[in-house]
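Same order as they appear, the protein sequences are chains G and R. Residue 200 in this note's numbering is what sits at position 200 of the first sequence, and the numbering runs on without skipping anything. In short: position in the second sequence from 1, add 1000, done, that's this note's numbering.
Just so you know, these hints were derived from the structure itself, not from any lab. Check before you lean on any hint, since a few could be wrong.
Here are the computed lysine-lysine pairs in the DSBU-like style, where the Cα-Cα straight-line distance is at most 35 Å [claimed, not checked]: (1) Lys55(G) / Lys76(G); (2) Lys47(G) / Lys57(G); (3) Lys47(G) / Lys76(G); (4) Lys76(G) / Lys57(G); (5) Lys1084(R) / Lys128(G); (6) Lys1084(R) / Lys76(G); (7) Lys55(G) / Lys1017(R); (8) Lys1084(R) / Lys1058(R); (9) Lys57(G) / Lys1017(R); (10) Lys1017(R) / Lys47(G); (11) Lys128(G) / Lys201(G); (12) Lys47(G) / Lys1058(R); (13) Lys1058(R) / Lys76(G).
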Amino acid sequence: MTTRELPPSWTHVGRHAVFPQAGIDDIARFDFLANLNGFLSGRVLPKVREAYESKVKPAFEQAAGRAPQTRHEVRKAMAQDATWQTWSALRRSSMEMRQQAGRGLVFRQLDALNQRAAALNADAPTLKLDPTVQVPRYASAVDIHCMPGGYHTEVVPNDVSAAANYDSGIFATTGGMLGRYNDGGGQALVQWLASEHPQFKPRRILDIGCTIGHNTVPLAQAFAAAQIIAVDVSAPMLRYGHARAKSMHADNIEFRQADGEHLDYPDEYFDLIMTSMFWHETSATAMPRMLGEIQRMLAPGGLTVHLEQPQYQGMDPYEQFIRDWDAYNNNEPFWSVMHEYELQPMMAAAGFDRARYFETRLRGVVDRSIFPVASGEKEDFGRAALWTAFGAWKA
Amino acid sequence: MPPIDPIALANAKARGKRPYFFADADVERVLSIAMTIAMEHAVTHQRLDALERLIEAKGLLTRAELDAWSPEPEAEAERTRWMKEYIARVLRIVQQENESAERSASGVDQPMEQVMDELRHS
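Just chain G, with the same shape it has in the complex (with noise of 0.2 Å):
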């Protein structure tokens, strides 16, 4: 095995100034889950395929006299199969084993990361909370993808625990995938933009769903003269990352409580309304809302864009089932429901004009800090992240 086929170790880890402190211990757990994901997705995932293909398929062939033509009965076919089984029931454990590495890092030293959040944040007009703001029901049924407590939970007052376990985990969660500081998606964003429209000098950003404004950093660094907004229901996040930022010179961003269904901005304030892996932790009447609301504030000329998992439309059933293992497992509810839309009418609906808009894969931008490139290489084969990057410009 070479040494690129290996997942860098989460001493690389970025570090700000309200990062969690961890040892040598919690290193070799991050590292050990970041491997054993390795090893499920590399070397178990496929067998589960061979088993659909060799077993369960023609099964349900012979009983039914077609192949599944859905994820729905791919997935009731496959609950039998022990490969499936294994597969999934090791994934669940990495995901549980996940949350209890990064929250047993946090709650040990949470005063200490508080007070340090909390001597950032002080006085600060760039952070503006509101504890009117409700947590939706689609951020509170369950606990997303098994952080428990959600985004949102304050288990001591001024509490930012949530996040900081959120931010320690992601690293080896993605394999290093996302950077050191865990912001591909931003920084995908700003080559996107840079490359392709180059002319494109936003004034005003918005960020929905900012979480602790990873893929927000970027933006404010790429356009440094913008005044940048990035929204979020939850406290803890929105504390978290206003730290997090300042620690990293990013000053332009004011992290501000709302709920993105309820903002209060003009008609066309914005030039340039994003969100990062948002909409799949939505729900179906919050998500039509946001858009119309982005419409809304988006200044003629302007651009909203979205990066996400890739759609369901054209993927054969069983990629289907498989992409929806984290909906039904690893509490992703709407994640299966959003990723059948078609979403271009939706876009329509919601008053963008059909003609501008548009739908492009998006590869994530390499951190060169942690994957060198090799002589020779171009490419970096699965070690760059590809999302699916959709919006349109507005008229």
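We have chain G already, so just place chain R on it with the hints.
Frame of chain G; chain R shown alone:
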């Protein structure tokens, strides 16, 4: 405000019904515990490995010396006893199930209800 309990909080369950994939949830419970032990074993290994590298870097010992080390007979016996006990400890249930199979064949490991009945009438 009472102090928080970091251990219980770290282990808290996420809201939402947990899926079980095996027909027998007992198997999955054991798997979950085993995976955590596997992880903690890796933690110990990484710590030990770091220690060895530091010892080597400080010139106290080389890894080659460590690998070439062979214990004196007394130490060897102690280490072998440790290994034997460790394996038996880990595989305790295998031994106990074997004992039970032998005893039920000879009538020694009776079900508790039978013993209760027997004691009630004797």
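Here is what the structure says about each hint:
{"no.": "1", "hint": "Lys55(G) / Lys76(G)", "result": "14 Å, holds"}
{"no.": "2", "hint": "Lys47(G) / Lys57(G)", "result": "14 Å, holds"}
{"no.": "3", "hint": "Lys47(G) / Lys76(G)", "result": "18 Å, holds"}
{"no.": "4", "hint": "Lys76(G) / Lys57(G)", "result": "11 Å, holds"}
{"no.": "5", "hint": "Lys1084(R) / Lys128(G)", "result": "62 Å, violated"}
{"no.": "6", "hint": "Lys1084(R) / Lys76(G)", "result": "46 Å, violated"}
{"no.": "7", "hint": "Lys55(G) / Lys1017(R)", "result": "29 Å, holds"}
{"no.": "8", "hint": "Lys1084(R) / Lys1058(R)", "result": "34 Å, holds"}
{"no.": "9", "hint": "Lys57(G) / Lys1017(R)", "result": "29 Å, holds"}
{"no.": "10", "hint": "Lys1017(R) / Lys47(G)", "result": "27 Å, holds"}
{"no.": "11", "hint": "Lys128(G) / Lys201(G)", "result": "26 Å, holds"}
{"no.": "12", "hint": "Lys47(G) / Lys1058(R)", "result": "46 Å, violated"}
{"no.": "13", "hint": "Lys1058(R) / Lys76(G)", "result": "59 Å, violated"}
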